[in-house]
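When you get a sec, could you build the whole thing from the sequences and use the hints?
Protein chains in written order, with this note's numbering: chain A, 1 to 425; chain B, 1 to 425.
Rather than coming from a laboratory, the hints here were simulated on the basis of the structure. One should not assume that every hint holds.
Given that identical chains are not distinguished, each listed pair holds provided it fits within a single copy or across any two copies.
[Claimed, not checked] Derived pair list, reagent style DSSO-like, types lysine-lysine, alpha-carbon separation capped at 27 Å:
1) Lys60 x Lys390
2) Lys215 x Lys112
3) Lys390 x Lys112
4) Lys390 x Lys331
5) Lys89 x Lys112
6) Lys89 x Lys269
7) Lys226 x Lys60
8) Lys226 x Lys215
9) Lys226 x Lys89
10) Lys215 x Lys390
There are 2 protein chains.
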Amino acid sequence: MSHNAEIIAVGSELLMGSVANTNAQDLSAALAAVGVNVYWHSVVGDNPARLREVLDIARKRADIIITTGGLGPTYDDLTKQTICEAFGKPLVLHEDILETIRVFFERNAHIKMPENNIRQAELPEGCTVFDNPVGTAPGCAFEADGIHVLMLPGPPFEMRTMLQRHVLPYLRTLSGEVILSHDIMTFGLGESPMEELLRDRMAQMANPSLATYAKPSEVRLRATAKAESAEAAEALLAPLVEEMVAFLGDVVYGVDVPGLEDVCFDLLKQRGWTIATAESCTGGRIAERLTALPGVSSVYRGGVVSYWTSVKADVLGVPQDILDAHGAVSKETARAMAEGARRITGADVAVSVTGVAGPDPDERGNPVGVVYIGLATPDGTFCRPLELGKRRRDRIQDLSTNHAFDVVRRYLTGLPINFKINQRP
Amino acid sequence: MSHNAEIIAVGSELLMGSVANTNAQDLSAALAAVGVNVYWHSVVGDNPARLREVLDIARKRADIIITTGGLGPTYDDLTKQTICEAFGKPLVLHEDILETIRVFFERNAHIKMPENNIRQAELPEGCTVFDNPVGTAPGCAFEADGIHVLMLPGPPFEMRTMLQRHVLPYLRTLSGEVILSHDIMTFGLGESPMEELLRDRMAQMANPSLATYAKPSEVRLRATAKAESAEAAEALLAPLVEEMVAFLGDVVYGVDVPGLEDVCFDLLKQRGWTIATAESCTGGRIAERLTALPGVSSVYRGGVVSYWTSVKADVLGVPQDILDAHGAVSKETARAMAEGARRITGADVAVSVTGVAGPDPDERGNPVGVVYIGLATPDGTFCRPLELGKRRRDRIQDLSTNHAFDVVRRYLTGLPINFKINQRP
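Put into structure tokens, the structure is as follows:
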């Protein structure tokens, strides 16, 4: 049986624009994977009357209602009370949950549980409790009038933890259909050129299907199939993924991998090699993405953020005559930065970035978007010059970071460093 | 007159979880600033029947309806058609807009306008046209049955451009009321302790009002007032903000500032000082947050990501006997890292971080969450030791980054570097 879900986020901070509703996004992506259609997202403030109206609309059109937020200990956290009134369920105190919350406070905050938090141990009578290992508010689920109501905490990390641990297992028992996807990750081809390449092929398909999703500077091509079992869905997907990987060639950097940095990490591990970084306009973004990966210290030695030209000279050892002759933003400096980072850290390879992130041109008149990626290796030093055009500062920084990882990936897989990059990937 | 708005995002990609609804966030923040209450966000797919139902609900509860998305040239872009049917408005072709779209294609894509795009020049009869300088889909607004309907494009950059250029001026003419907020930014006091401190004071208030918003490791205390004019709202806010800043003391790092790094940037600029960084477990996050700020090169020289112990020794010059005696994660190494970064870059101050981000303890048995912040200055070297407890890797990295900025802020404002966290004021 196919289910139609509505996701209701409760929280005035969403209506004030303080945060984006990432919970609805994470839930939607996860629900699609277990065959639950999400047809509506709603957001309402910490206001019981308006929440009640939103619930009354949802119960008429959806048979799964998932709320996020409003489970906290404070007076404006009203989700449970309002839902219990709407569905005629009494709230009852769970002594065992109260004890868990008490222990959580003592262990993590080293303080006694505030009195307020007793409210978090009150849950609808007869519900399934979703325990919260990373916060104090438990979630829960119950069925009433043929509708499954799930309440989840608002802090995104708590919500995501509960989603994986409790919500997906709960929903899998409801759904008889499986939807599986594989993501073919590409870098170097814009979304429009890719859609043009694939338009005819995509139009022929129904199940499995293909769709493109553009992240800043990357395109994810998602192949999706529905079937009665995971095996049957996989059998529909495998030949399509194979076909697309062959068709798109070396712009594909992986299938079902989270990002370019993960691919670089794997390639370095396979060789037993280490890497170093030398960053100017990306200001630590390459280092940051590498060090987000647990265990990366096996391949990442470290690097230099050489924001000032003097740091390029004094710490990385870029020769002063190169800086004088070509400037800080140049092919020659990019190469010397990579060589310097490789030398001072002892890494097998080093990648560098120097460029103009804006908002203004540099003092030599290089316009915003001029960026050079350097790569020092045992086989010599390489450079990828880029003209990214006038874009926002953070877009140039992120795009340059991706190009740096792409240069590393191409070198480690034996591909040429440079290729005819689509001007605006 | 006070207006109540609903923001309706149209797009199946939102219901698939491919992107977060950042448009609703950006619109909400902007609408709050011009005194329009946003009480609901809705998201619906590219399905005319469900969009029509969502519109019929919205027109009963809101007097401003703003849609994003569904204005593209393809067959599933149905927002205009559906809204015009709902409000009984005919769609008419605007020749001048058609010409603008043709020119946009030739200039930006260097191709002839595809036939499809003619649909983008069809707009509701008698509407106010919002031109789109950064894309092809124009937006528009009309009034019908006492309801203001605004349609905006879905791509976030196009939406934001149109918001500033057209939507805010349009809405300012409608609203007779102004809502103003000030954000009192704090670091070092959790959300629950702060709420407990302020509970009685908050309960007495209606206008102006106070609310807390917890970002990871920070609490924003927002004071909000409604009045007929900005001056009158400001007169309500000023004494409250002053009272709260005095009451909370030095956990307040600023009012209406975006983050700790902005405060550090300003403090350094005021002194004409420069800073450098030496990062181990934060892996470039301090550098990244500094270099996100345009113009930061006037104060930020650069730094070292000394992920390996050998980089701490070879690049930062941390003495080998300190590393041998105390290990890479120690007070002594944090101090020596900061001193090394200050020495090799020539900066006036340097901040360092070394610690265990996890998921595993380090080889000396330091548990996850043990972190040391070092600060080298002309007045000597300081250290803040932290025990952040077992948390997620990225939380420890972000929290340590904030502590590093807080140490810099406290030093530059003449406050003690260390304080008993969570037990202040």
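Structure-inconsistent hints, enumerated in ascending order: 1, 5, 6 and 9
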